[in-house]
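Each chain is listed here by its residues.
Protein chains: 4
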Amino acid sequence: MNTTAKLLLHCPDKPGILADVTNFITINKGNIVYLDQYVDHIENIFFMRIEWELNDFFIPKDKIEDYFETLYAQKYEMMFRLYFSDIKPKMAIFVSKLSHCLFDMLARYTAGEWDVEIPLIISNHPDLQHVAERFGIPFYLFPITKENKMEQEQAEMDLLKKHNIDFIVLARYMQVISEKMIESYPNKIINIHHSFLPAFVGAKPYHAAFERGVKIIGATSHYVTTELDAGPIIEQDVVRITHKDAIEDLVSKGKDLEKIVLSRAVNKHIERKVLAYKNKTVIFS
Amino acid sequence: MNTTAKLLLHCPDKPGILADVTNFITINKGNIVYLDQYVDHIENIFFMRIEWELNDFFIPKDKIEDYFETLYAQKYEMMFRLYFSDIKPKMAIFVSKLSHCLFDMLARYTAGEWDVEIPLIISNHPDLQHVAERFGIPFYLFPITKENKMEQEQAEMDLLKKHNIDFIVLARYMQVISEKMIESYPNKIINIHHSFLPAFVGAKPYHAAFERGVKIIGATSHYVTTELDAGPIIEQDVVRITHKDAIEDLVSKGKDLEKIVLSRAVNKHIERKVLAYKNKTVIFS
Amino acid sequence: MNTTAKLLLHCPDKPGILADVTNFITINKGNIVYLDQYVDHIENIFFMRIEWELNDFFIPKDKIEDYFETLYAQKYEMMFRLYFSDIKPKMAIFVSKLSHCLFDMLARYTAGEWDVEIPLIISNHPDLQHVAERFGIPFYLFPITKENKMEQEQAEMDLLKKHNIDFIVLARYMQVISEKMIESYPNKIINIHHSFLPAFVGAKPYHAAFERGVKIIGATSHYVTTELDAGPIIEQDVVRITHKDAIEDLVSKGKDLEKIVLSRAVNKHIERKVLAYKNKTVIFS
Amino acid sequence: MNTTAKLLLHCPDKPGILADVTNFITINKGNIVYLDQYVDHIENIFFMRIEWELNDFFIPKDKIEDYFETLYAQKYEMMFRLYFSDIKPKMAIFVSKLSHCLFDMLARYTAGEWDVEIPLIISNHPDLQHVAERFGIPFYLFPITKENKMEQEQAEMDLLKKHNIDFIVLARYMQVISEKMIESYPNKIINIHHSFLPAFVGAKPYHAAFERGVKIIGATSHYVTTELDAGPIIEQDVVRITHKDAIEDLVSKGKDLEKIVLSRAVNKHIERKVLAYKNKTVIFS
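Chains as they are written, first to last, in my numbering: chain H, 8 to 292; chain F, 8 to 292; chain Z, 8 to 292; chain P, 8 to 292.
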C-alpha cells in the first residue's frame with residue numbers, strides 16, 4: 008500500500024472547485040484513489056473527500072497543506088483538513104462498568120481491523136480493568152465524585168495530552184463530561200447513546216422505551232457537544248422488539264446494537280470519512 | 008372456511024386459566040385453530056387470543072358470550088371480547104390531501120386482501136374525492152374551521168353511527184380530533200404518524216428529522232388518545248437516510264413507510280390481533 | 008424548475024476525466040446541480056452521472072450530444088447517454104393476475120410522484136382490466152399460448168413501438184419473455200422477482216422459501232436478460248418471517264416487499280440513476 | 008432465581024394436549040413462568056415449550072421425566088426433552104483463523120451473558136491460540152490433512168466426550184466435518200455460514216455475492232447436517248451494500264453480521280428455545 012493523502016474540505020459552492028482540486032492533484036502526478044463529493048443545495052455548501060497516492064506526487068508531504076492553503080483554500084474560502092495514511096490516529100477509550108463495547112473494539116483492534124493506536128483506557132470504576140489487561144492496554148482509574156470532578160478531568164486531560172490522543176470514544180461511559188473537556192476535543196469525542204435519538208435523551212432510555220411501548224429500539228453514535236445527547240449524529244441502527252420483551256431483553260438486544268453502531272462510527276472516524284457541519288454530519292462513502 | 012369465534016382476553020394471572028379456557032372449548036367440541044398467550048410477569052397479567060371453529064361447537068353462537076362470562080370471566084376477573092369471523096368489521100377512512108395511504112388501503116380492499124367493509128371516506132378537503140370515486144366508495148366532505156369544528160365532528164359522528172362504523176383509520180388526516188370524538192372510539196381510531204415516535208411528536212416531523220440530522224427515519228401507527236401522538240403503538244418501521252437526502256427525499260421515502268406501517272396496523276386490527284392495555288399493545292402472532 | 012441535461016457515462020479510468028467533464032459544463036455556463044461518480048478500481052472503470060441546468064448553457068440542446076462525443080467521448084473511449092428533464096420517458100406495464108404492484112405504480116403515477124408517461128398496460132389475462140380502467144389507462148389483452156406466443160409478442164412489440172415506449176415494467180407478469188423481445192429492450196425491461204435472488208430462482212419461490220425454512224424472505228428487482236432471473240440487480244429488500252408464517256403469510260408479506268422494491272427500482276430508472284455494466288448495476292445516489 | 012424445568016415437546020395435534028400438560032404442572036404445584044406453543048396446521052403437529060419453577064413442585068426432579076413419559080408422552084406420541092436451569096450446558100468452540108466470532112462469544116461468556124460452560128476451544132490452526140489464552144480457556148490444536156482427518160476427528164470426539172460437551176459451535180471453522188462426527192451430534196453442531204442461505208452455498212460466498220451484484224448480503228446460522236450448508240436454519244440477518252463495496256468491504260460488513268447472527272443462534276440454543284423438526288426450526292419466543 009502506498010502512502011496516501013486524505014483531504015476533507017467544505018466551502019461555499021462555486022463553479023470550478025471540483026475541477027480545480029482534481030487538476031491540482033492530477034497535474035502534480037497524484038493518483039486519485041478515492042473521491043466523494045456532495046453539494047448541499049439549500050445551504051450552498053460544497054463538501055469533498057479526496058484521497059491520492061503520494062509516491063509520485065511532486066509536492067513534498069510536509070508542504071502540501073501550505074500549497075493547498077495558498078492556491079485554493081483562500082480562493083474558495085475553504086475549511087479543510089489533511090491527513091496521511093501512514094500516521095495512525097491515537098484513540099483513548101473511556102469506560103465504566105459495561106464491557107460489551109469495550110470488548111468489541113479491542114477485538115477489532117487486536118485483529119488488525121482498525122488503523123489506529125489505543126494507548127490507554129480510562130475509567131471511573133475498576134470493574135473493567137481485567138478487560139484492559141487481557142488485551143495488554145494500560146488502564147487508568149479516575150474515580151469521580153462531585154467534589155473531585157474538575158481535578159480528575161484535568162488529570163485525565165493531562166494524560167491524554169501526554170499520549171497525544173487525537174480522539175476519545177465513550178464506550179458506555181456513565182459520567183457526563185464537563186464543558187471544558189468537551190470544548191478541548193470538538194467533534195473528537197464519540198459517544199454511544201442507547202436509544203434512537205432524539206427519542207429517549209438522558210438516563211435509562213431502555214426503561215423509557217419499555218414504558219412508551221415502542222416496537223423498535225435503537226442506538227445512536229454521535230459527537231459529544233455541550234448539550235446532552237444532542238451532538239452531530241454519526242450512525243444509528245435499530246432492532247425490532249415485541250410486547251414479550253421485558254426491560255432486560257431490551258438491554259440485551261440493545262447491547263448488540265450499541266457495540267455495532269459505535270464501532271461503525273469509530274471506524275468511519277478513523278478512516279476520516281466523517282465531516283461534521285452545523286450539528287450534522289456528512290458521511291463520505 | 009368454517010366460521011370461527013375469536014376470543015381476546017386479559018386478567019390477573021392465576022394457575023389454571025389456560026387449562027380452563029382450552030378445556031371449555033375442547034369439551035364443547037370446538038376445534039382450536041389458533042392460540043397465542045402471553046404473561047406479563049411484572050404486572051402479573053395473563054393475555055390470550057384463542058380462535059376456534061364453530062361448526063360442531065355445542066354452544067349456540069349467540070350464547071357463547073353469556074356462557075363464557077358466567078363460567079370463566081367472573082371467576083378470573085377477565086376483560087374479554089368475542090368476535091365472529093363471519094361478521095366483517097366496518098371501517099371509515101379519514102383523509103385530507105395526501106393520497107398514498109388511501110390508495111394503498113383501497114388497493115388491498117379491492118384486491119380482497121382485507122376482511123373488512125369500507126362504507127365511506129370522510130375528508131376535510133375535496134382533493135381526494137377522485138380517489139374515492141375510482142374505487143366506488145362514498146366520499147363525504149366536512150370542511151373544518153375553528154368555528155364549525157364541533158358541529159362538523161358531530162355530523163361526522165352521526166354519519167359514522169348511521170353506518171355502524173366499528174373503527175376509524177386516519178390516513179394522514181391533517182386535523183386534530185376533539186376529545187369527545189376520541190372518547191367515543193376508544194382504541195378504535197388508528198393514526199399514522201410520520202415519525203419514529205416518541206421522536207418528533209407533532210407537526211412537520213420530517214423537517215424536524217432533517218434539522219436534527221438523524222440517519223434513520225420512521226413511521227408509527229398508534230391508537231389515538233386524547234394526548235397528541237401518545238397513544239398505544241401498534242406498529243413502527245424505519246428506513247435509512249443519508250446526508251444527501253433533502254427534506255423532499257425524506258417525505259418521499261417516508262410515504263412508503265407510512266403506507267406499509269399503517270396497513271400492517273390496520274390489518275392486525277381487522278384480524279383482531281391487537282389488545283391495548285395500559286397505553287401499550289399486545290400484538291398476537 | 009429549469010430544464011436540465013443528465014449525462015451518464017463510463018470509460019476506462021484516466022487522470023483528468025472528472026476535471027475535463029466538469030470544466031466543459033462550467034465553462035459553457037452550465038450550472039451543475041448533481042454529480043456522482045465512482046471508480047471501479049478492480050476493472051479500472053470510471054462511472055459518472057452529472058446533471059446541469061440548460062437555461063444559460065452556451066451549447067444548444069440538440070448539439071450537446073454531438074459536441075460531447077467529439078470533444079470527450081472519443082478521447083476517453085466513453086460510453087455515454089444524454090437525457091433531458093423535459094422529456095418524460097414512456098413506460099409500459101405488463102401484468103397478469105396480481106394487482107398489488109400495478110396498483111402501487113398507478114397510485115404513484117396518479118399522485119404525480121413519477122416523471123413518466125404510462126400510455127398503456129399489456130396483459131395476458133383479462134383480470135386486471137378493471138384496475139387499468141379505474142386509472143383511465145388503455146389496457147391491451149394478449150392471451151398467450153405455446154402456439155401463438157411468437158406472433159402475440161410481435162403484436163406487443165408493434166404496439167410498444169407505435170407508442171414510442173422507452174422501457175417496460177413486468178409487474179408480476181407471469182410469462183417468460185422470448186429472447187427476441189428481451190434483446191430489443193436491453194436493460195430496459197424491469198422485472199420483480201419474489202425472492203432474494205439468487206436464492207429461489209424460477210417459479211414458486213415462496214413455496215421454496217417455506218420448504219427451506221428461511222427466517223427472512225426477500226424481493227429483487229432486476230433488468231431482464233435472456234438468462235432467467237439472472238439479470239443485473241437494481242434493488243432488493245427483505246422482511247423477517249418466523250416458523251409461524253404459513254406460505255400464504257409469506258405471499259402476503261412478500262407482496263408489500265415486491266411493490267416497494269419494484270417501485271424503488273422503477274423510480275431510479277425514471278430518474279436515470281441506474282447504469283448497468285457487466286451484469287451489475289451502478290446506482291447513483 | 009428458583010430452579011426451573013424446561014420442557015420442549017412435539018406430537019400430533021389433538022384436543023386436550025395443552026390443557027393436560029398445563030394441568031399436570033399446575034396440579035403438582037409447579038409455577039409456570041413461560042409457555043409458548045405453536046401448531047403446524049399443515050403437518051398437524053403441536054409444538055410446545057413450557058417452563059416452571061421446581062421449588063414447590065410435588066414430583067422430585069429426577070422423576071419428572073419418568074412421570075411425564077408414562078402419563079402423557081405415550082398417550083400423545085410425544086417427542087420431548089426436559090432440561091433444568093441449574094445444569095449449564097457445555098459448549099465447545101471450533102475455530103480456524105478468523106477471530107471475530109470467537110472474540111464475540113468469549114466476551115459474552117466472560118461478561119456472564121450466557122448460562123453456559125466453555126471447557127475448551129478446538130482448532131485446526133494455531134492462529135487463535137492467543138485469543139483462547141486471553142480468556143483463559145484451554146486451546147487444543149488438531150491440524151487436519153487429508154491423511155489424518157479420520158483419526159484427528161476421532162481424537163477430537165474423544166476429547167469432547169471426556170469433557171461431556173453437549174454441543175459444538177463452528178465459529179468460522181474452515182473444515183468440512185465428516186458424517187460420522189455430524190451424526191454423533193444431531194442438531195448439536197451450530198455453524199455460521201457467511202451468506203444468506205440458500206444463496207451462495209459453499210466456499211467464498213462473498214466473492215460470489217460480489218460477482219452476482221446483489222444489493223444485500225447476509226449470514227445464516229444453522230445446525231450442521233451431512234448435506235453442506237443445508238441444515239435447519241436457526242437465524243439469519245442481512246446488511247445493505249452498494250456497488251461501491253469491494254469484496255473486502257463485503258467481508259468487513261459481513262463479519263459484523265456473522266458474529267451477531269451466530270451469537271443469537273447460540274443464545275437461543277443455550278436457552279433451549281430451538282426445536283428442530285424436519286430440517287426446519289421452531290424458535291420459541
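Misleading hints may appear alongside valid ones.
You can't tell identical chains apart in this list, so a pair holds if it fits in one copy or across any two.
[Unchecked claim] Here are the simulated DSSO-like pairs of lysine-lysine, each with C-alpha atoms no more than 30 angstroms apart in a straight line:
#1 Lys68 <-> Lys187
#2 Lys285 <-> Lys260
#3 Lys275 <-> Lys211
#4 Lys251 <-> Lys13
#5 Lys195 <-> Lys153
#6 Lys97 <-> Lys169
#7 Lys251 <-> Lys287
#8 Lys36 <-> Lys168
Simulated from the structure, these hints should not be mistaken for lab results. In this text the structure is predicted, and so the values were computed from the model without any measurement.
Do the hints match the structure? See the list:
1. Lys68 <-> Lys187: Neither: 34 angstroms inside a copy, 58 angstroms across copies.
2. Lys285 <-> Lys260: between (32 angstroms within a copy, 24 angstroms between copies)
3. Lys275 <-> Lys211: Intra 27 angstroms, inter 26 angstroms, cutoff 30 angstroms: intra and inter.
4. Lys251 <-> Lys13: between (48 angstroms within a copy, 18 angstroms between copies)
5. Lys195 <-> Lys153: within (25 angstroms within a copy, 51 angstroms between copies)
6. Lys97 <-> Lys169: within (12 angstroms within a copy, 46 angstroms between copies)
7. Lys251 <-> Lys287: between (35 angstroms within a copy, 12 angstroms between copies)
8. Lys36 <-> Lys168: neither (37 angstroms within a copy, 50 angstroms between copies)
Checked against the numbered hints above, the structure violates hints 1, 8; every other hint is satisfied.
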